[in-house]
Amino acid sequence: MLVSVQNIRKSFAVGDSWFKKSRHEVLKGVSFELFEGECLGLLGESGSGKSTLGKVILGIENPDSGEVVFADAISDLPSHEKMSVVFQDYTSSVNPRLRVEEIISEPLLRTQLTHAEKKQKVNELLVEVGLSESMKTRFPHQLSGGQLQRVCIARAIAPSPKFILLDEAVSSLDVSVQAQVLDLLANLKQRFGLSYLFITHDITVAAYLCNRILIFQDGKVVEQVDDLNNLAHATNNYAKQLLSAAHFLERAFTEPAA
Amino acid sequence: MMKKLLANRVASICLLILSAFTLAGIFAPVIAPHDPNLSDFTKFFAPISWEYPLGADHLGRCILSRLLFGIRTTLFYAFLTMLITLSVGTVIGIISGYIGGKLDNVIMRTCDMLLAFPSEVMVLSLIGVLGPGITSIIIANFIAKLPWYVRMIRSSVIRFNHQNYVLYSNTIETRFHYKLFRHFFPNIASEIAILASMDIGWIILSISTLSFLGLGVELPTPEWGSMLSEAKDVLLTNPEQMMYPGVTIMIVVATCNLLGDSVRELFDPKAQA
Ligand SMILES: Nc1ncnc2c1ncn2[C@@H]1O[C@H](COP(=O)(O)OP(=O)(O)OP(=O)(O)O)[C@@H](O)[C@H]1O
Ligand SMILES: [Mg+2]
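First to last, the sequence lines map onto chains A and B. Every position in the first sequence, counted from 1, becomes a number in the numbering used here once 185 is added. Every position in the second sequence, counted from 1, becomes a number in the numbering used here once 2 is added.
Wrong hints could be hidden among the right ones.
Derived pair list, reagent style EDC-like, types lysine to aspartate or glutamate, alpha-carbon separation capped at 20 Å [claimed, not checked]:
(1) A:Lys-405 to A:Glu-252
(2) B:Lys-181 to A:Glu-266
(3) A:Lys-213 to A:Glu-252
(4) A:Lys-303 to A:Glu-286
(5) A:Lys-425 to A:Glu-218
(6) A:Lys-405 to A:Glu-246
(7) B:Lys-181 to A:Glu-252
(8) B:Lys-181 to A:Glu-287
(9) A:Lys-425 to A:Asp-412
(10) A:Lys-303 to B:Glu-175
(11) A:Lys-303 to A:Glu-266
(12) A:Lys-425 to A:Asp-387
(13) B:Lys-104 to A:Glu-230
(14) B:Lys-5 to B:Glu-267
(15) A:Lys-240 to B:Glu-175
(16) A:Lys-303 to A:Glu-287
(17) A:Lys-405 to A:Glu-230
(18) B:Lys-181 to A:Glu-286
(19) A:Lys-374 to A:Glu-309
(20) A:Lys-240 to A:Glu-210
(21) A:Lys-306 to A:Glu-287
Just so you know, the hints here were simulated from the structure itself, not pulled from any lab data.
Same shape as in the complex, but just chain A:
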């Protein structure tokens, strides 16, 4: 076990009214475990609370109750070596006024590397994610969405964290770039023994990259699929819906129109 999420609850106050204070519960007791070296998919519809759960795990949002426990091996590491994140919205994930080089070296600031070593590392990382070294002097607006998302991935892997949260990391990319980025992620995971928590609402993407999938609905984990071959036999209603939607799309594309 690398990360253990234990019965997390989280609610937000809705409405600023003085008289009527009501709370909207977004996470209703979420528990699961993430093992070392695996990619765990968190699949759920929009608004089900996936991103909120991600923020709780990263420690930038406090849960109302429950806790996130990291394995002893990593719990004492400084946070930049422990975990990292790639957000869905790549345009606001990077400071528009910094160059690519500075963006990627932000997590290296707290390492012992010398200035030259950092530069070297940034060059390596850029090549690693399939960009050219010449891009390091560019500003974010001079990159395409796919390139920018790779910069975010490069930044995420720069300090060699044990665990990376990928919050819809490929959802806003077009299908061909999506496939490239997914391959890149699979490759990096193999080589560096990373663990991913992969948040998505796209079942095909989840099936492509993940070892296990949690199906998340309305603030709860409603089903856990350990063997992806059994995905088709999911019992939960929502999971079935997702699957049939995926099959429908697949059929529409693979069967020639009569």
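Could you slot chain B with the ligands onto chain A? The hints should help.
The following block gives chain B with the ligands in isolation, referenced to the frame of chain A:
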């Protein structure tokens, strides 16, 4: 940022005028033809001449020299007020937005209270309490303007705290000063520039108005507002006396406002397509 300003014609002309005034103020002792407070009884209302390029006033003092030395009071005290307000406002705004909670509430309610009075009324009543003088003017303008700056900086901090790149920095616990100097300041610099350039004209007017009313600098320190006030007494016999300080104030304030407008146009994120 500077490059963009200089590429804009209106903005660069305004900057040129303002820097000319600033330089003239700095080098006033060198370029002024006379001591601004030296009165020559033979030169009452002297007409324009080589010796007195803009003539002399009712005490026979050189008007040009007084205007030049007036830059030092009016313009420089306005800059000073701006600088103090801006830096204190930034610090309080950052504290309020960053720490949040109860402290934020207290600061914001105080600002609301201060903002409930019109600025002019606020300045006048503060000077009533503090007594006339340039220090009171600076303090009064500072207190009247501070809440605006605190609010603006605070709202930028809060907006900024929800940006994904800040969430990323929080996740990996990047040091605070990096967030402040690499992420935050570069992104609010333009907002500060807009606010500052819009307000500087207001402060110049405020200093001049108060001196005109006799609440500002002590006589005979040269100051545009008090020059206007002195000229007012001889309005019927020598109306041109009011023109020089009046036109000077108008040029400087109009330049500041124009600069403020073009800065806003240039750096408004919405216009930055
Ligand atoms: N700071 C907040 N204040 C109030 N409500 C919030 C806040 N953040 C999220 N919510 C609410 O929590 C719910 C879950 O939001 P969340 O962003 O976690 O959804 P999601 O599963 O990530 O959706 P998507 O797939 O569209 O990204 C939504 O109904 C949202 O309105
Ligand atoms: Mg989300």
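Results of checking the hints against the structure:
no. : hint                   : verdict
1   : A:Lys-405 to A:Glu-252 : holds, 15 Å
2   : B:Lys-181 to A:Glu-266 : holds, 19 Å
3   : A:Lys-213 to A:Glu-252 : holds, 13 Å
4   : A:Lys-303 to A:Glu-286 : holds, 10 Å
5   : A:Lys-425 to A:Glu-218 : violated, 23 Å
6   : A:Lys-405 to A:Glu-246 : holds, 18 Å
7   : B:Lys-181 to A:Glu-252 : violated, 28 Å
8   : B:Lys-181 to A:Glu-287 : holds, 13 Å
9   : A:Lys-425 to A:Asp-412 : holds, 16 Å
10  : A:Lys-303 to B:Glu-175 : holds, 18 Å
11  : A:Lys-303 to A:Glu-266 : holds, 16 Å
12  : A:Lys-425 to A:Asp-387 : holds, 13 Å
13  : B:Lys-104 to A:Glu-230 : violated, 36 Å
14  : B:Lys-5 to B:Glu-267   : holds, 15 Å
15  : A:Lys-240 to B:Glu-175 : holds, 14 Å
16  : A:Lys-303 to A:Glu-287 : holds, 10 Å
17  : A:Lys-405 to A:Glu-230 : holds, 12 Å
18  : B:Lys-181 to A:Glu-286 : holds, 16 Å
19  : A:Lys-374 to A:Glu-309 : holds, 17 Å
20  : A:Lys-240 to A:Glu-210 : holds, 15 Å
21  : A:Lys-306 to A:Glu-287 : holds, 12 Å
In summary, the numbered hints that this structure violates are 5, 7, 13.
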